[in-house]
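> Numbering (this note's numbering), first residue to last: 48 to 432.
Just so you know, the hints here were simulated from the structure itself, not pulled from any lab data. Warning: the hint list may mix true and false statements.
Said to hold, decoys possible - Here are the in silico distance ranges between beta carbons for each label pair:
| no. | residue 1 | residue 2 | range |
| --- | --- | --- | --- |
| 1 | VAL207 | PHE355 | 26 to 34 Å |
| 2 | GLY369 | ASN263 | 23 to 31 Å |
| 3 | VAL262 | LYS68 | 35 to 43 Å |
| 4 | LYS68 | LEU267 | 45 to 53 Å |
| 5 | LEU301 | ASN280 | 45 to 53 Å |
All values derive from a computational prediction rather than experimental measurement. Note that beta-carbon positions come from the ideal geometry of N, C-alpha and C, so glycine has one too.
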Amino acid sequence: MSRFALKNLRLKTRYPCSQIKPSWLLLVVLVVLVIVAATSSFAYVRIIFSEPVSLDRIPETSSGVILVADIFNMDLDAQILSVRWSIMGACGSSFTINKTDGCSRNSLGVPINLYLNENATTTWNATIPALQYNPSVIINPLPAQYISRRNLIPASVSEVDISIDPFLPYTVFKKQSTLYYPFDMIHSDVSLLAINPSTNATVPIVTVIGYGSIVNWIGLADFGQAPPLPDSNVPQFFATLTTYRQSPVIGVVLLIFVTNWLLSLAIVYMTVLVTLGRKVNTQLILASTTVLFSIPQIRSSMPEAPPFGAFIDIGGYFINLGLVSVCTSILLFCSLTPYEKRPPAPPELPEHNFAGSENDGLSDIENDPRDEASGILRRRKESSG
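The task is simple: from the sequences and hints, build the whole structure.
Rendered as structure tokens:
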């Protein structure tokens with residue numbers, strides 16, 4: 048076996064993957080990436096958006112109405128939450144159509160007027176209810192109610208705009224402001240009062256199921272009950288609507304934040320090398336200018352990027368931009384320094400023509416008065432003549 052064949056055999060033994068064609072390797076990597084991306088995407092959609100509203104967590108001994116709050120829109124500039132209120136069902140024989148115990152969907156058998164931010168001791172009947180429900184839409188359903196899966200959709204739905212609770216320094220919710228982007232959380236507290244318009248009696252509220260259908264946000268509702276007011280024996284019901292950013296959004300923002308810092312540190316390291324006299328490629332020095340102008344674009348690419356001035360800008364954007372600006376200036380000045388220290392160019396001399404001379408090329412030298420040799424040759428010629 049020749050030395051060349053033995054060397055190839057050793058390479059094949061040491062690097063078995065070297066025999067695989069690059070196109071096949073690229074195809075395998077592409078298939079793996081597609082499988083990972085599809086699996087993670089479907090899992091994310093199934094967890095975030097496909098969880099059904101269930102009655103499993105409601106005790107069977109409950110009695111009253113079940114409300115649903117769907118946070119479908121949010122205007123952070125106007126500080127408004129748009130909530131879609133609906134009646135999911137009822138619990139207890141006193142409120143279900145079939146007069147049975149337990150909880151079921153679309154089974155409320157009494158009319159309901161839902162009032163927000165009202166209580167039983169005020170003139171609630173002088174205000175317009177946020178939601179009106181009549182059981183006749185279930186007892187005598189419309190033709191559309193006979194469509195498959197239509198019985199799972201609430202019979203009465205009402206859209207209401209609710210003001211977001213203002214950010215106050217002494218409140219518990221310190222992340223109410225967009226200053227905490229991307230960890231900001233939006234809260235809105237609302238009181239609930241359900242009245243039977245036929246008897247003016249208060250209908251107890253079992254719970255409020257909250258969820259959010261806003262992309263990039265997760266919505267939920269915390270239901271609570273407070274003791275009755277001094278002039279009433281009716282308990283008070285309230286709900287705290289909360290929205291916070293989804294984990295992928297937070298992950299993308301943190302990835303962009305880390306990328307900005309890595310680019311900034313790379314420019315700082317390059318500046319240190321150039322300052323210490325190390326040789327750095329000129330194209331890399333020019334890359335610092337590209338990074339300087341790309342940092343604002345990277346900041347703007349954050350999901351639902353807030354106005355400048357958030358806490359993430361203090362620790363990221365402003366510091367990164369300042370570092371890269373200073374380092375870029377230093378790199379440009381250092382690259383211009385060799386040109387300042389370079390000696391001036393010598394004066395241009397007249398061109399000499401040494402070809403075809405009668406005196407073997409000495410005539411051109413003789414004609415140069417600045418050359419000492421030309422004077423010596425001229426004197427010798429005169430003496431010989």
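> Each of the hints needs a verdict: does it hold here or not?
Hints, one by one, checked against the model:
no.	hint	result
1	VAL207 <-> PHE355: 26 to 34 Å	holds, 33 Å
2	GLY369 <-> ASN263: 23 to 31 Å	holds, 30 Å
3	VAL262 <-> LYS68: 35 to 43 Å	holds, 42 Å
4	LYS68 <-> LEU267: 45 to 53 Å	holds, 52 Å
5	LEU301 <-> ASN280: 45 to 53 Å	holds, 51 Å
Violated hints: none; the structure is consistent with every hint.
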